[in-house]
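**Student:** Here's the letter readout for the chains.
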Amino acid sequence: MMEIWHGITKAAELLTTFDPEVMDIAGRSLRISVTSSLLASLVCLPIASLIHFHSFPGKKFLISLIQTFFSVPTVAVGLFVFVLFSRAGPLGGMNLLFTPTVMVIGQALLITPILLGLTISALSGVDKALVDTARSLGANGFQTAIAVLREARFAVMAAVIMAFGRAISEVGLVIMVGGNIRGFTRVITTAISLETSKGDLELSIALGIILLLIALVINLALSRIQQR
Amino acid sequence: MKHRGIAFLLTMAGLIVLVTGMLGCKESTASPLPPKQRLRVATTTSLYDTGLWGYLEPMFEEKYEVEMDVMHTGTGIALEYGRRGDVDVITVHSKAREEQFVAEGYGVERVPFAYNHFLIVGPPSDPADIKGVSPEEASKKLIETGSGSFVSRGDDSGTHSKEKAIWKKAGYDYETVQKAGDWYIEAGRGMGPTLLMASEKQAYTLSDMGTFLSYKGKIELVPIVDRGNILLNVYSAIAVNPEKNPKTNIEMANNLIDFLTSPEIQELIGNYGVKNYGMQLFTPCAGAEPTG
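Chains B and F, in that order, are what the protein sequence lines are.
Quick note: the first sequence uses this note's numbering, first residue 8, plus one each step.
Quick note: the second sequence uses this note's numbering, first residue 361, plus one each step.
A couple of the hints might just be wrong.
What follows is a set of in silico ranges between Cβ atoms, one per label pair, in the way DEER data are often shown [to be verified]:
{"#": "1", "chain 1": "F", "residue 1": "Gly411", "chain 2": "B", "residue 2": "Met30", "range": "21 to 29 angstroms"}
{"#": "2", "chain 1": "F", "residue 1": "Gln460", "chain 2": "B", "residue 2": "Val90", "range": "20 to 28 angstroms"}
{"#": "3", "chain 1": "F", "residue 1": "Met639", "chain 2": "B", "residue 2": "Ile232", "range": "57 to 65 angstroms"}
{"#": "4", "chain 1": "B", "residue 1": "Met169", "chain 2": "F", "residue 2": "Glu535", "range": "39 to 47 angstroms"}
{"#": "5", "chain 1": "F", "residue 1": "Ser622", "chain 2": "B", "residue 2": "Met169", "range": "47 to 55 angstroms"}
{"#": "6", "chain 1": "F", "residue 1": "Thr651", "chain 2": "B", "residue 2": "Val224", "range": "56 to 64 angstroms"}
{"#": "7", "chain 1": "F", "residue 1": "Tyr534", "chain 2": "B", "residue 2": "Phe60", "range": "58 to 66 angstroms"}
{"#": "8", "chain 1": "F", "residue 1": "Glu422", "chain 2": "B", "residue 2": "Met30", "range": "17 to 25 angstroms"}
{"#": "9", "chain 1": "F", "residue 1": "Ala646", "chain 2": "B", "residue 2": "Gly34", "range": "37 to 45 angstroms"}
{"#": "10", "chain 1": "F", "residue 1": "Ile437", "chain 2": "B", "residue 2": "Asn147", "range": "49 to 57 angstroms"}
{"#": "11", "chain 1": "F", "residue 1": "Ile590", "chain 2": "B", "residue 2": "Leu49", "range": "52 to 60 angstroms"}
It should be emphasised that the hints constitute simulated quantities derived from the structure, not laboratory data.
What you are looking at is a predicted structure, and each value in this text was computed from that prediction instead of being measured.
In this text, a Cβ means the ideal position worked out from N, Cα and C, and glycines have one as well.
Please work from the sequences and hints to get the whole structure.
**Tutor:** Written as structure tokens, this is what we have:
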């Protein structure tokens, strides 16, 4: 158990000395996961609204299907993306395998179901009376949607934070499609996996703590934005 | 109503600008990737864990002005990356499978560049009493008496292939070994984690010399069996055949093979780790098959 304590002191040491390799790895983790969460949010929030505000046959089933994919194993998404972007695969010509770009794509795919599902349920939580009021005041469909989204913003933000958390914390997908290349595709989680396999538990624990600190900063920033 | 909608949109836009702004800053502080050529290398974990690639990589990158991406995996997946054309060159250690890889047309040529020996390591107490016997006899004793545990890589790596070859030579079908009892543990991990697991369980395992030496301080295992021709461990480099995968960087892959077999680098490989471990980790053998 002493390793945990040593890990904490090591994390403090790495952070205060701005250890270049750790800063590089942490920066890459942050960049990749922020980009993937942002991309996926830009696509998923409008689609989730479309699903919520329209009734069509099979809507309930579609939502159940989306929720089923909350449980998709990260390595399964990784395998799918690997096969897709491998040179022998259909998108192999893009030459993206083992690059940060394909890691962003993989993470965005991974968190799409979470963003869709949680946004839909966030919107469902809004009082139906709001829609009726907006309509009776002469709001068109788009304006009504904006009003509802605004009302549900805390729950929608929670969905985005959850998706970001899943993206930055997972290891199976990024190691499979990124390859854990030092200085290029190595992120915090794959570095932890490597350092643990090398038997360097202190550094692994320190890296885990640094990941949590990044998540803390992101959450504080988002909650400040929410309160405006 | 309308104003609130606009306010919300503005907030969202602000958020996006903020986050992309953050990205921009980050992007500019990180060193921009120079428009260099890239060479993708899949290597067996033992060449990476010993630090040999970390040592040679900067020299090669400087000499040929290339960015080298080193993926460290087991021999099995390294060969698969090669078949799919996802890497340009592989450095692995499993002769029979390498020869098959070349025969199937995926690899240009198998070029041995260094070798060392495998060894069976185990707890100092040596519960199965196999110290100093031949690898075949040691296997026989382990399976017949069940008096010691054995951790297998179990990951289709070069080391795992070697372990299977030893069982075969000792006269056992590998499937029987797998089902032989609780003493036979399949880890499914790289060499380093397998050594750590064997140490935790005070079990025997088959390891390459290099990884064992570089983990020596972290584990409570000692060499048990280190003699026998079957323990020879040859590392070779194979360029991925551009006829099967036209987009691979064959030119740079050949540069790497020339680099590894050049007299200057061969000498560095031979001296690598001598200072830290007090013995040679790799014996250079440019282009020729060592005989043991």
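**Student:** All the hints need checking, so say for each whether the structure fits it.
**Tutor:** Taking the hints in turn, this is what the structure says about them:
For the pair F/Gly411 and B/Met30, the supplied restraint of 21 to 29 angstroms holds, since their beta-carbon distance comes to about 22 angstroms. In this structure the supplied range 20 to 28 angstroms holds for F/Gln460 paired with B/Val90, their Cβ-Cβ distance being about 23 angstroms. A C-beta distance of roughly 59 angstroms is found between F/Met639 and B/Ile232, which places it inside the suggested range of 57 to 65 angstroms. A hinted range of 39 to 47 angstroms holds for the C-beta pair B/Met169 and F/Glu535, which are about 45 angstroms apart.
For F/Ser622 and B/Met169, the Cβ-Cβ distance of about 53 angstroms falls inside the hinted range of 47 to 55 angstroms, so the restraint holds. The hinted range of 56 to 64 angstroms is satisfied by F/Thr651 and B/Val224, whose Cβ atoms lie roughly 60 angstroms apart. As the Cβ distance of F/Tyr534 to B/Phe60 is approximately 60 angstroms, the hint placing it in 58 to 66 angstroms holds. At roughly 24 angstroms, the beta carbons of F/Glu422 and B/Met30 sit within the given window of 17 to 25 angstroms.
Here the CB-CB span from F/Ala646 to B/Gly34 is close to 41 angstroms, well matched to the stated 37 to 45 angstroms. Separated by about 55 angstroms at the C-beta atoms, F/Ile437 and B/Asn147 satisfy the suggested range of 49 to 57 angstroms. Restraint check, F/Ile590 to B/Leu49: a C-beta distance of roughly 59 angstroms satisfies the suggested window 52 to 60 angstroms.
Checked against the numbered hints above, the structure breaks none of them.
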